[in-house]
Amino acid sequence: MTLLPRSSIKALMLGILVITACSTGTSNQAGPPLAGCKSGTSLVTFWTSHTPPDSDSLKRIVDAYNSQSSVGCVKMVQVPGSETDIAKLTTAVRSGTGPDVYMLDRFTVAERAAAGVLEDLSQFGASSLSSNYLDFAWAEANFKSKPYALPFDTDTRALYYRKDLLQAAGVDISALDPAKGPPTIDTIRTMANKVNKKDSSGKYTQIGFVPWFEQGWHYTWGFVYGGSFFDKSACKVTPTDPKIVQAFTDMFTNWSKALGVSQVQTFLSTYAPPNLPAQQNAFLLGKVAFMVSGDWVLGNIATYTPNLQYGVTYIPVPNQGDQPATWAGGWSMVIPKGAKQSKAGFDFMKYIAGEPGQRQYTKDSQHTPTIKALDQDASLFAGGHAFFQKQLSAAHSRPPLPVGAFYWDQLSTAQDAAVRNTTAPATALAAAASATNAKLQQYCPLP
Amino acid sequence: MQSQRGAALIAAPRVHLTASEWRQLRTAAPFVLPWVIGFFAFTLYPIIYSLYLSFQSYSGFGDAVPVGFANYKHMFTDPLFFKSLYNTAYYTLLAVPIGLVVAIVLAMLMNQNVREVAIYRAAFYLPSILPLFALTFIFIVLLNPGFGLVNFFLGLFHVPTINWLGDPSWTKVSVVILAQLGAGGPALIFLASLRAVPTELYESARLEGAGPLRRFWHITVPLITPVILYDLLYGTILGLQIFTPAYILVGGTSGGAAYTAGPDNSLLFYVFYLYKNAFQYSDMGYASAMAWVLFLISIVLALLIMRWSQYWVHYEGA
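Which chain is which? The protein sequence lines are Z and L, in order.
Mapping to my numbering: the first sequence position 292 is 292, numbers consecutive.
Mapping to my numbering: the second sequence position 37 is 37, numbers consecutive.
Looking at chain Z on its own, in the form it has when it is part of the complex:
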C-alpha cells in the first residue's frame, strides 16, 4: 500500500479548511433567522415531546408568535421524552446544546428544579405573572418559593361512556346524567358487567369497564376514595393511607379478580398494547363501554370518530352522596440551564403560556387553560368541555415533590401488583412508601 503524496494530502486538508470556513461564514447574514419571522429577531429553540394532534396545535402557536414578534423567532423541535423521562434534555443541557425553552410536565417542575436543570424565572420578572394563573397551577410551577416554570395547559378526568354499547346491552343510562351527581361504583359495575362479551374460546372481545384503563391511575382512585398521598408536615409520602389501600383493593385487586386476572390482561394487551396511536383507543373502537380519561379525548373523538354516541359524567364514587373527585395535571414551559437565548425564550413563553397561546391550544386540543381570564371565557368550552372545566375548581393535584417521578413509578409498580393479584395492596403500597421516603429525606423539610 502506498501513501498519498504529501502534496495531495496538503491540498485535501486545505480544501476541507476552506469548505469549513465558507460554511460557517454564511450564518452571519442579516435577515430573519427562519422563514416567517421578522428581521433582527433571535433564534429560540423550543423542544417538546408532544406528538400529533397536540404538537400540531403547538406548531400553530409557534407560527403565530413568529409572525408578530420582534424579539424571538422560535424553531420548534419534537424530541423523544415523556412525562418523567427527560434524558434528551439533561444530556443536551450538560453538553451545552440544550434548547432555550422546554415543555415539561408540571408536576415534575419541583423535581427538576431541585436537580438543578431549570433556570429560576424570577430574574425575568415571572413572579409578577402569578396572579394571571390558577393557584394550584402556579403552585406546581414553583419550588422553594421561586418560579421555575410558566403553567401551560391543565386537564381534568371524568368518566366517558358509550351510549350505543350500553343501550344495546339493555342498560338504562339515565343514571349517568351528570345532573344526578356522581354515580356509585356499584351502579357502574352492574351496568358494565352487562356489556362484557367473550368469544367461543373464552377470550373477552368487549369489557364494560376496566378501572385502570387510560387515566384510571393510582392517583385517580386514591383521590376518589378521599385518600391523601403526602403529609407535608411530616415530609413523608403516605400511600398507605387506608383510603388509598381501599381504593387499590376495590378498583384494582378485586375488580381484576372478578373479570379474571389473566383474561383481562390478555384483553388489554390485545386492544391497548404499548405505544398505540390515539385513534386506536379501545373506547373509540367500541371495545370498552366506560373509560376514565381526560378532556383531550374530546378532541380525539372529534377528529377520529366524530359520530360517536357517547356521554361524560363524574368518575364514580364509593358511596351514594359522596362528593365527586378528580385530579388535574398538565404541562408547563421552562428555561433549561445554559439556555443561550433565555430572554427571547421567556418572551416566547409569555406568549405560548399566556392568553394567546393557551386560547389557541384550548380550541385545538380541548385541554383546559390555566389562565384565570380564559377559564371564565365560556366560548372556549364547547359541548362536553364545559363539564371538565367546571370540575377544575374542586380538582386535586399530585403533590409536587422533588421525587415526583420516582413516586409515580413506585405507585405504578404497586398498582401493577394489585391488578395482577400478586401482592396485597397494603404490602405493595408500604414498599412504595418506604422506597420513596428514603429518597425524599434529603430534601426535607420542604418549604
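Think about it this way: if two alpha-carbon atoms lie no more than 27 Å apart in a straight line, the pair counts; the simulated DSSO-like pairs of lysine-lysine are:
| hint | chain 1 | residue 1 | chain 2 | residue 2 |
| --- | --- | --- | --- | --- |
| 1 | Z | LYS337 | Z | LYS59 |
| 2 | Z | LYS236 | Z | LYS439 |
| 3 | Z | LYS75 | Z | LYS88 |
| 4 | Z | LYS88 | L | LYS83 |
| 5 | Z | LYS257 | L | LYS83 |
| 6 | Z | LYS88 | Z | LYS337 |
| 7 | Z | LYS75 | Z | LYS363 |
| 8 | L | LYS83 | Z | LYS236 |
| 9 | Z | LYS236 | L | LYS73 |
| 10 | Z | LYS243 | Z | LYS390 |
| 11 | Z | LYS197 | Z | LYS257 |
| 12 | Z | LYS439 | L | LYS73 |
| 13 | Z | LYS180 | Z | LYS194 |
| 14 | L | LYS83 | Z | LYS439 |
| 15 | Z | LYS144 | Z | LYS340 |
| 16 | Z | LYS372 | Z | LYS59 |
| 17 | Z | LYS257 | Z | LYS198 |
| 18 | Z | LYS75 | Z | LYS343 |
No wet-lab data here; the hints were simulated from the structure.
For this one, chain Z is given, so just place chain L on it according to the hints.
For chain L alone, coordinates are given in the frame of chain Z:
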C-alpha cells in the same frame, strides 16, 4: 510484513525507526489522532469520571456531594436492583445459547451449495440491518395476543393464547425471540469460519463412511470453536447490556397498563434501571455505581468463559 513489524513492536519496547519510517509516522499521526483524542475524551475520561461519580450524590447538575460507599451499599437494600439483575441474568442465559444455535444454523443455510445462495444470504441477513426501533414496533403487532401472526400460527397447533407482552413469564422470552432477528451479523462470521474448514477433511470423512451428523460434530464444530468462543463472549457482554427493545416495548405510554418496565417490572433490565436512575430519577451517582458493578460482573464472566474455553476451543495448528 506489516504484521511482523507489529509483533516486533510488542516484543521489544525500544524501537529504532529509520528516517523514512519517522516521516511515515508523522504523516499518519494526524489521521490517527482524531480517534485517539476521541478515545481519551469520549471513552477513557467518562469511564474514570463515572468511577468518581459512583462515590458521590449527584443529580447531573450543581455540585456533587461525596457519600463514600453509600451508592454501593444502597444496592443491597434496593429490591429493584436485584430484580433488574435477575431479569438480565435470565435474559442472557436464555438469549446467548439460543442466539448461538440460530446463528450457526443460519450460517449453514447460507453455506449451501445451490445457485441461488446469494438470495438466501441476503434474505437471512436483511433483518439484522433493519433498525431495532422499527423491528420492535413490528414485533409488537406480530405478538398481539388477539390478532398477532405468532399466536395465529401457534393456534394452528392448538397452543393456548400466549400474552407475550402482558404476561411477566413471557415478556423476556419475547425479547429473546426479537433478538434472533439480529442473528445475521454473527451468522456471517460463522459463515466465514465454515468456509475456512478444509474440504479435504469432509471428503476423507465421507470416504470413511461418516454421515452428515457425524461430520458436523467431529469436523465442523471443533474447527469453528474459536468463533463459537468469540460469539459466546460477545453475546454475553451484549446480553448483559440489553436495553433498547425493553425501552421501546414498555418505555412509552400504554393505555392498558400502569407498569413502568413491563408487567411486574419483568423487563426492567439492568441497564434500563441504570438509565432510569440516571435520567428519570436524577441519581447519577447510583447509576454510575451500577455501571461499575456491571463492568465487574462482565469481567468476571468473561474471565470464566475464557478459562472454560481451554477445555473445548480448538485452535488449528496450536
